[in-house]
Every structure is written in C-alpha cells, then in structure tokens.
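Student: Residue-level listing of the chains:
Protein chains: 2
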Amino acid sequence: MFRTHTCGELRLSDVNKQVTLAGWVQRSRKMGGMTFIDLRDRYGITQLVFNEEVNAELCEQANKLGREFVIQIKGTVNERFNKNANIPTGDIEIIVSELNILNTSATPPFTIEDNTDGGDDIRMKYRYLDLRRNAVRSNLELRHKMTIEVRKYLDQLGFLEVETPILIGSTPEGARDFVVPSRMNPGQFYALPQSPQTLKQLLMVSGFDRYFQIAKCFRDEDLRADRQPEFTQIDCEMSFVEQDDIINTFEGMAKHLFKTMRGIELTEPFQRMTWADAMKYYGSDKPDLRFGMPFVELMDVMKGHGFSVFDNATYIGGICAEGAATYTRKQLDALTEFVKKPQIGAKGMVYARIEADGTVKSSVDKFYSQEVLQQMKEAFGAKPGDLILILSGDDVMKTRKQLNELRLEVGSQLGLRDKNKFACLWVVDFPMFEWSEEEGRLMAMHHPFTHPKNEDIPLLDTDPAAVRADAYDMVINGVEVGGGSIRIHDSQLQARMFEILGFTPEKAQEQFGFLMNAFKFGAPPHGGLAYGLDRWVSLFAGLDSIRDCIAFPKNNSGRDVMLDAPAALDPSQLDELNLVVDIKE
Amino acid sequence: MFRTHTCGELRLSDVNKQVTLAGWVQRSRKMGGMTFIDLRDRYGITQLVFNEEVNAELCEQANKLGREFVIQIKGTVNERFNKNANIPTGDIEIIVSELNILNTSATPPFTIEDNTDGGDDIRMKYRYLDLRRNAVRSNLELRHKMTIEVRKYLDQLGFLEVETPILIGSTPEGARDFVVPSRMNPGQFYALPQSPQTLKQLLMVSGFDRYFQIAKCFRDEDLRADRQPEFTQIDCEMSFVEQDDIINTFEGMAKHLFKTMRGIELTEPFQRMTWADAMKYYGSDKPDLRFGMPFVELMDVMKGHGFSVFDNATYIGGICAEGAATYTRKQLDALTEFVKKPQIGAKGMVYARIEADGTVKSSVDKFYSQEVLQQMKEAFGAKPGDLILILSGDDVMKTRKQLNELRLEVGSQLGLRDKNKFACLWVVDFPMFEWSEEEGRLMAMHHPFTHPKNEDIPLLDTDPAAVRADAYDMVINGVEVGGGSIRIHDSQLQARMFEILGFTPEKAQEQFGFLMNAFKFGAPPHGGLAYGLDRWVSLFAGLDSIRDCIAFPKNNSGRDVMLDAPAALDPSQLDELNLVVDIKE
Numbered sequence: 001m002f003r004t005h006t007c008g009e010l011r012l013s014d015v016n017k018q019v020t021l022a023g024w025v026q027r028s029r030k031m032g033g034m035t036f037i038d039l040r041d042r043y044g045i046t047q048l049v050f051n052e053e054v055n056a057e058l059c060e061q062a063n064k065l066g067r068e069f070v071i072q073i074k075g076t077v078n079e080r081f082n083k084n085a086n087i088p089t090g091d092i093e094i095i096v097s098e099l100n101i102l103n104t105s106a107t108p109p110f111t112i113e114d115n116t117d118g119g120d121d122i123r124m125k126y127r128y129l130d131l132r133r134n135a136v137r138s139n140l141e142l143r144h145k146m147t148i149e150v151r152k153y154l155d156q157l158g159f160l161e162v163e164t165p166i167l168i169g170s171t172p173e174g175a176r177d178f179v180v181p182s183r184m185n186p187g188q189f190y191a192l193p194q195s196p197q198t199l200k201q202l203l204m205v206s207g208f209d210r211y212f213q214i215a216k217c218f219r220d221e222d223l224r225a226d227r228q229p230e231f232t233q234i235d236c237e238m239s240f241v242e243q244d245d246i247i248n249t250f251e252g253m254a255k256h257l258f259k260t261m262r263g264i265e266l267t268e269p270f271q272r273m274t275w276a277d278a279m280k281y282y283g284s285d286k287p288d289l290r291f292g293m294p295f296v297e298l299m300d301v302m303k304g305h306g307f308s309v310f311d312n313a314t315y316i317g318g319i320c321a322e323g324a325a326t327y328t329r330k331q332l333d334a335l336t337e338f339v340k341k342p343q344i345g346a347k348g349m350v351y352a353r354i355e356a357d358g359t360v361k362s363s364v365d366k367f368y369s370q371e372v373l374q375q376m377k378e379a380f381g382a383k384p385g386d387l388i389l390i391l392s393g394d395d396v397m398k399t400r401k402q403l404n405e406l407r408l409e410v411g412s413q414l415g416l417r418d419k420n421k422f423a424c425l426w427v428v429d430f431p432m433f434e435w436s437e438e439e440g441r442l443m444a445m446h447h448p449f450t451h452p453k454n455e456d457i458p459l460l461d462t463d464p465a466a467v468r469a470d471a472y473d474m475v476i477n478g479v480e481v482g483g484g485s486i487r488i489h490d491s492q493l494q495a496r497m498f499e500i501l502g503f504t505p506e507k508a509q510e511q512f513g514f515l516m517n518a519f520k521f522g523a524p525p526h527g528g529l530a531y532g533l534d535r536w537v538s539l540f541a542g543l544d545s546i547r548d549c550i551a552f553p554k555n556n557s558g559r560d561v562m563l564d565a566p567a568a569l570d571p572s573q574l575d576e577l578n579l580v581v582d583i584k585e
Numbered sequence: 001m002f003r004t005h006t007c008g009e010l011r012l013s014d015v016n017k018q019v020t021l022a023g024w025v026q027r028s029r030k031m032g033g034m035t036f037i038d039l040r041d042r043y044g045i046t047q048l049v050f051n052e053e054v055n056a057e058l059c060e061q062a063n064k065l066g067r068e069f070v071i072q073i074k075g076t077v078n079e080r081f082n083k084n085a086n087i088p089t090g091d092i093e094i095i096v097s098e099l100n101i102l103n104t105s106a107t108p109p110f111t112i113e114d115n116t117d118g119g120d121d122i123r124m125k126y127r128y129l130d131l132r133r134n135a136v137r138s139n140l141e142l143r144h145k146m147t148i149e150v151r152k153y154l155d156q157l158g159f160l161e162v163e164t165p166i167l168i169g170s171t172p173e174g175a176r177d178f179v180v181p182s183r184m185n186p187g188q189f190y191a192l193p194q195s196p197q198t199l200k201q202l203l204m205v206s207g208f209d210r211y212f213q214i215a216k217c218f219r220d221e222d223l224r225a226d227r228q229p230e231f232t233q234i235d236c237e238m239s240f241v242e243q244d245d246i247i248n249t250f251e252g253m254a255k256h257l258f259k260t261m262r263g264i265e266l267t268e269p270f271q272r273m274t275w276a277d278a279m280k281y282y283g284s285d286k287p288d289l290r291f292g293m294p295f296v297e298l299m300d301v302m303k304g305h306g307f308s309v310f311d312n313a314t315y316i317g318g319i320c321a322e323g324a325a326t327y328t329r330k331q332l333d334a335l336t337e338f339v340k341k342p343q344i345g346a347k348g349m350v351y352a353r354i355e356a357d358g359t360v361k362s363s364v365d366k367f368y369s370q371e372v373l374q375q376m377k378e379a380f381g382a383k384p385g386d387l388i389l390i391l392s393g394d395d396v397m398k399t400r401k402q403l404n405e406l407r408l409e410v411g412s413q414l415g416l417r418d419k420n421k422f423a424c425l426w427v428v429d430f431p432m433f434e435w436s437e438e439e440g441r442l443m444a445m446h447h448p449f450t451h452p453k454n455e456d457i458p459l460l461d462t463d464p465a466a467v468r469a470d471a472y473d474m475v476i477n478g479v480e481v482g483g484g485s486i487r488i489h490d491s492q493l494q495a496r497m498f499e500i501l502g503f504t505p506e507k508a509q510e511q512f513g514f515l516m517n518a519f520k521f522g523a524p525p526h527g528g529l530a531y532g533l534d535r536w537v538s539l540f541a542g543l544d545s546i547r548d549c550i551a552f553p554k555n556n557s558g559r560d561v562m563l564d565a566p567a568a569l570d571p572s573q574l575d576e577l578n579l580v581v582d583i584k585e
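Those protein sequences? They're chains A and B, same order as listed.
Numbering of the first sequence is given in UniProt numbering, commencing with residue 1 and proceeding in unit increments.
Numbering of the second sequence is given in UniProt numbering, commencing with residue 1 and proceeding in unit increments.
To be clear, the hints were calculated from the coordinates, so they are not data collected in a lab.
Check before you lean on any hint, since a few could be wrong.
Which copy? The list can't say, so a pair holds if one copy fits it or any two copies do.
Cut-off 27 Å, straight-line C-alpha distance, at most; resulting in silico cross-link-like pairs (DSSO-like, lysine-lysine) [to be verified]:
1. Lys361 to Lys340
2. Lys30 to Lys17
3. Lys259 to Lys152
4. Lys152 to Lys255
5. Lys125 to Lys507
6. Lys520 to Lys125
7. Lys366 to Lys584
8. Lys520 to Lys30
9. Lys74 to Lys419
10. Lys286 to Lys340
11. Lys340 to Lys398
12. Lys259 to Lys145
13. Lys255 to Lys145
14. Lys303 to Lys398
Looking at chain A on its own, in the form it has when it is part of the complex (with noise of 0.2 Å):
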C-alpha cells in the first residue's frame, strides 16, 4: 500500500503518529517560511506541513508542486494551531519528512472545486476530472448506497435478483429499439432491452415467484434533460398478487429508502389518487402535491354571463394561490405571458385578487356582477389575500394541462417546491388505452401485458377507451419515480388485448409468440413494478437533471463527448457483419 491512512481519516487521537499519505495537491500557500498543502483524496482533505527553516530543500520541492499532482508523503501527525471547524481532519496537520511526487499534472481546464469554473461542456468532455469534485462524486456514493438497500430490502422479502439479457428480440410495440447486427447469423440483428418486462413475466410462469433487478435499459428516443438513451430500473414482479400487495411491498420500500438514505420517517400511507382525479384536480398524471392548488371549474359559475371567451369554452377552470394578492401587474403580465408560450399554448389568463374587505377585483370586472365573482370566490375558498388564475379552453384536456404548467409556476414562484420537501403519491386506475392520432388505432397506455380492472372487462367489448387498468405510477414531488400494474395471465384475454390493439392474431403471435405461449403452460397471477434508480438518485440528490447521478451519461445527441462515442466503423468491421452505411438526404 502506497498509504497508512486516508486523507479522511487521522484525528487529534492520532497526534505523534507516523504516518504515510497518498493523494492529490488540492491547493498549497505560503507563509513566512512556511508552505502549507492541501492533500484531498475521496475520503477527505489533509493540511500538510512543510518548514522552510527545517527542512529546505523538502519545502522547495513542496513549493514546486502543482495543482492535482499525484503526491504520497510520510510525517508526523501534530495538533493544529487554527483549526479548521469546518472539515473532519482540520485538528491536526502533518508535518511532512519526506515527499514523493507519484504523477504530475497538467493544468486542469476547470477547477476542481465545489463550486467550478467549468462549463458544461468542458465538464463533460473531461468528465473524469469533472468525477473528482465532491459534489459529483457524492451523487455516485448516494447512488451506490441507494442499490445496497434496495437489495437489502428484497433480499429480505425473498426477492431473486436474476439477469436477464441485454442481447434479445426487437419488439415493435412502445418506444423504438436500438439494435445489434450479428455476425454469426447474417442479416439478423438483436435488439437491447427497453425493460426486461416480457422476460420478468416468464420467470414468473417459471415460478421464480419474487423477481428484482437493478437493470439496465435502452430507448432510442430524441432526448431531453430527463432522458439518457441508457437508464436504469429497479425492476420486480411478484406472483399469487393483487394490486395492494405490490403497493404495499413497494411503498415499504420507499420508506426504506427515505429513512436509510434521507433520514425521514413516512408513517402514514402514501396518498392514493384515481388518475380521473389526478386530471381534474392537477392536470397531470403526475401532480406535484408539496403544495395544493387543486383546480377548481367554473363552467357553472362563469359561463354565460357576456364574456365571449368563457361563453365559447368548453373548459373553465382556475387555481387559488394563497395570500398570492400582492402579485404587480408585471408580475401578473409575466404569468400571462409564461402561459401562452409556444409549448403552453393558453390564449390568455383571467385574474382576480380577493381584497382585504372580501370583495373581489378581477382582470374582467366588466362582464362579471360582484354577486357572480363571489359564487367564484366561494367556488375556491378564497380568503382576503389571496390570487385566483384562471384559464379557459375548448379541449378539457390541453386546457388542464396548460393550468397544470401555471400551477407548477406558481408553486415555484411562492416557494412552495422545497427540495427537502417529499410529497409521495399513487395515482391509480390508469385508463388501459388511449387513442393514437398518428396510428389511428387505441395503444396500450402502458403496455399489452396490462390487466384490466375486473369489473371493467365487460367493457372490452363495448366501450374500450373506458375501460381502467390495474396500473400505477409512484409519484414524488411531480416526478413519476416508478410504476407498474397487474399483468394478464390468461392467454385468452391476452389474444383479445391484441385484437383491440389491431394485431391480427399472425402478428400477434409473431410478435409475442413466446409470451402467450408460455402463458399456456400454468402462468400464475402475477403483477409488477419498476422504479427509475436515476430519478430516484437525483430525488434524494435534489438534482435537476439524473445526468448528474451518471458517472458517464450521454448529451443531448447521444454522444459521449469524453470517449467521443458512437463515431465510424473499420469498413472491415461493417463487411464481417454485412452491412452498408447508406446516409440518405
């Protein structure tokens, strides 16, 4: 071993020892014919000790060190005069007798500090020096504590860790595969994983009973700040379940991993909501509930009184923002303006502040009686102080979804979106389809292997888009961390899923053969969930981007702009696996 001790390590207990270090030059000084020098490591920093009147030619050598320098020393543990509060170590400083240099260093192109100079990019390219800030590695430490108490936590339930493959089939249903071309089978090509979804359901008719995996998987989608085209999922399937036994075993681990990663104790059970819900009330399937502002509609208060844009719509709603009256007209102005953004797309918002004496003063007065603003007041609950937005709209979806981009503004804007804060939520009954404008068809929400709920299987037949699935999504903080659903065991109901999904039975069975041939041989009830470990990490990281819990992530192109990856072929690779480059215009 090049050392004795970390650069974490040594306390005022440890004075007059001799010791050996090995680490890199965080940062040296001068003063009055002493050199001091900063040793950092992972575990920590080390003052060292280097006294020009004792040793001269050591302090020399010391003096010429530069930033990052590999370094080992040996010395003398000694009690520090000023010490330093702030860090583990700073009771004591090596006084320094003799010094190795290991590795020098070029000037970094950033500094390595917590708060660095570097840009993005520059921090991506030299990502192993971007690696050795403490603020990104401890992302990676919490990442590795976090997949040693999820294993923790199934390993005790009983849950096999089992690997799938990565090298599988290409499957046509969901988000589009990337692809392997295989030598020994000209022509033919695997594909990656988008989860090990169908392969957890065959170890479940395998009888394997409690499946996880800490999984890698892979979608070739044009990426945003959330996405890497590889991620990771916490992925488990039960068998002999029903949906409360999948939420219960999960959110127990939830809480797991808030109290072993965050200290927090959730005692009571997490807040469930129906999708229907969630749409009404938030305008999302992923409502942040760390503060409230449920919409509150107002077809029945505020239509028909003159006012053509609420008169023409077929959706008026609005949000309640507490002690919010204080808003500026500019302030006011800017909302409206954040609302019709291109990606918003809202027309306009009406507003309304409830003055100090109860009465309401709103941005269309003319076309409403104060009676009338006050059935709107009493419609929210509103108290002097506070701010009513409303937006109007002729499809109730977009328009919920507009108001559900306000509310989120607004939380932001009055604080209400604390880091610290956890607000941990299932929405529930997930509708089994939705209808597909581009493939004309009904697609699977969340996928064909969806069961449906029971009391709604008659209306497979009759009324599909109505019918709810035994599905649902974790979600925290506005951010869906995880979510699942009871899968269909019954071979027979899985055909008429593909039916209603427009495969006929040929593609079906092509596409899914193995699956719904397995299924013939005794599958058992079985349901399932994955969480996102990424979103997970950067939750507890309180990150804003899971590239930041990714010891190598790719941009927004996919590249890795460090190994400058994907790049070209040898054209002698390309001919063994037969194949032509043909870039088309």
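Given the structure of chain A, go ahead and fit chain B onto it with the hints provided.
Tutor: Frame of chain A, contents of chain B only:
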C-alpha cells in the same frame, strides 16, 4: 395475497391452522377414495388431500387437475400418517375444503422433475419450463446469493459500485466488438463493452479509489461450451496499491465466498506460481492442482539412446500416475488414441510401469537399458505400482500443452478431479507480450494497459518478449476464475507500450487518446482484477457449463431459441438507421 403460506413453510406446529396455498400441481395420485396432490412453488412441496367420502364433488374436481395447473386451495393443516422425511413439509398435509383453478396448463413438452426426460434443445426452447425445475432454479438462487455476498464484502471495504455505460466506443485491440448503429449520428456506431477496463481506469483518475461493478460484458467471438456472447464480471479497481494488495484483497473475497456459499473455511494463503513454472510443470496457465502429477523433463535422461523419436525431440517430458500400473493395454491404447486426436495432436505416447520389484517395464524397452530406465524412475520419484506416461515433440510449448491434456485426462480417469474439492492458485508474472503469427507483431497478453514488472522495464528496449508483467490470474480447479494487473499510470510509459505494440502515435491517440489524455492530469498508481461471475457460480454449483447458471442463455450460434433472436428487422428500422444489409456469399 392469494395465499397465507408458501408451499415450503408449514410444519407440525401449524396443525389445525386454516391456510390458503397457491402453486402448481406437481403430481396427483388416487388411493382408496382419496386423492393426493403435490402442490409446488419455489419454496417447496405440500401434500393436499381430497376425500371422496367427505366431499365427492371437490374430489371429482381435484381428479380433473392436470400437471402444472395453477391452483389455489383453502384447507386445514393435518398431521400426516405416512410422514415423508425427505421434504421439510413431510410431517403435514392439507385437508382441502376449497379449490380454485387459477390457470390451466397444456401438457408440458418434458417432465418438470429433477431428472427430466427433455433433451437440451427442447429445454432451451421452453426455458421458462426448464427454469421450473429445482436443479436449474437452485443455480440461479446460488447466483443471487453470491452477488449479495460479493457486494457485502466489497461495500464493507469501501468499494463503490459505479455503473459504467453499455453504449461506448469501439476499441480494436482485443476481441471483436458487438456494435450498435446510432440513429441520431448517421453512419456512426456505438460498441458494447468487452469489459469496463478503460472506464474503471478513468474512475481511478477521478479519485474514486476503490471501484467495483457486477458488469455485463460482450464479446462477438465464436462460441464454445463455456463462452456466451454476453457474460458477467465482478469488475474491480483500486488506487495506491501494489500487486500484493490486490491479491490479498481478492483472495479475502474468495475465502469469504467459499465460506458463505459452500461452508468451506480456507485458512491458508493460496499457493502462488509463476507463469513460467505453471507452463513448465503443468503445460497450462491454469493448472488444476486438485492433484499432483507435475511434469518431469527427461531430455537429459532419455535423449541420445537410439530411440529416434526422442533423439529428434526438443522436448521430452512425462507425468507419473500413482498406483496406475494396473492400467491395461487397452486403457493405455485408448490414452494413446486420446493424445493423437487432432485437437491435441501428439504423435504418440510412451509408457512405463514400475513393477513390484522396482524394475521398469516400458513400451520402449528395446532402446533403453534398465539403468537408464531406473534414472528415469528416479527423476519422477516413482514407486512400485506407478505408471509413467511420456510425450515428446519438436515444439516445447506445444508438447507441454499436449502433456497437460494427458495429465487432465488421467486425473479424471483416476477420480482425482472431485467437484467438491477445491484447489486455489494465483498464477503470477505473466509475460507482457506474446507473438502473434497472424498479425506479425507482439500483442499484449493481457491488455495494453498492463504494467511491466519494474525490474523488467529496461528489457522493453532490448528484449521486449522477455518482459514480465504485474499480471495475475486466479485459478481454481483448472478454471481461470479471474485475473487482473497493475496498470500503467504514466503516460510516457503508456506511449512506449503502444509503440512496441506497433501503434503509430497517431493511431494510439485516435484509439486511446481519451485515456492517455486523462493520464496527463494526475493519474494515481492503480490496478485491479475481474472475476468471472458465471464461472464462480458454475464452480460452486458443480456445473460443467456456465450456461446452466444463466437464466436465458444463448446457444452455440449465439441464438436465443426461446425468443427466436436475433431476427430480421423491419425495413423501416434499417432505413431509419441508414443501413443496408448486403450478405456476401
């Protein structure tokens, strides 16, 4: 929940309890008005009893259940009259009061028993049924338990598990890469990692200090019995260490695994053998040391006595099989045939028995005096009753490898390769390079990042082929279960290494620039090791192939016959990827 207990849980102390069980019908039999059903789940088997006289209708229903039907029953726990001492639940049975068929089953294509009647192909196609068999599932349970123990051991030593990406860049040095076309970067490809080698080295540059990952690795190689296109490594790396630190850390892990997985306490340090000795005494870099029979070289003794085969040889060597003088002529002829098989390639074999009176009776008696034969006997330290087997050839390494095959075969025949006995060994001091006839240049024996032994660095300029590396393999029972090396952390030495390997500076920069650049910013001394998870599990489970410890393995053509993957893509998928398939004859 569909059950109150599992099928492996109930005991005498549960008698008279009302229980609900769910599982698969393993078998059923009728006996004097009673029907007995073995109900199976992952946890065990419980006997169900239906009495025709008590409930004729229920018994009738039970008689109609087929093998592998999934059922749920309610009933009362009863003490068995004929107890079954072979299973933990053998003291009790369930008097069934209610039966609920959860799913039917077609007749399985093979029996779901420990000794199945299904051949390899049919079991691979219906892998989900094969996985129902205890014998197969228990391998995966062992695998799960092993990864739990690996993580426990490493976490406690401060190793951080870091996920590295699966979509990386292609590196030409080494085996063939699997590649993944990028839709967002037309004409460019990712590669799947053959191992996280360079990424874990970058994590050391990042100061992660101790890294591990249970990592999927991919090699597009022609397959053999113990190879799969995707396999799993326990991949580890440490900073500020020397070879002994790594060997001690991972020998500790091996001992921890032997203890927790097999209940075997290994107290002695593992034997260490140089690569040169392994080749000299066993003709293999992974000798099976469950038995002795080291090679004895006989050039001095046997050459120059008129036996032209030996007189023309550059290598003559043999093994001494203790007590095997009883081998018949037929057995010896079969051994001769064995070594002459094309894949081994020896020309012939000489044998000699040590008679009871100490004289030597050999197949080449006419060329050798008893005096010379006695010298030979001395060389082996052979005793009466022993059998000496000798090979010769004009290529030292080739002949040693043939003798290795012979040694292993004789060891097997003599029952010296007991699967429940374990011989652990470190092979050290591997050569840095090996000559590639195909490429006409030196190749890195491990990989180009391996550190040469310090004392051999001067030889890099004068005799590179003689340079030994700080590289080590762990070998158990003749299987290489892991290996690693100290890495180069000096960018100049790394550049020199690429030079010797025939890379121009430009080519080295193009392919490994990211790593060489990283090394300019203060790389610490580091090294690591990777254990083959599949091989370890096979070893502990006593399997002949790694295939049986993998949930969904591929066959020798790289096909998953259950999923029928790989397969042709939809033309629109190829189009989106800017690819054309062009199969050459």
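Student: Check each numbered hint from earlier against the structure, then list the numbers of those it violates in ascending order.
Tutor: 7 and 9
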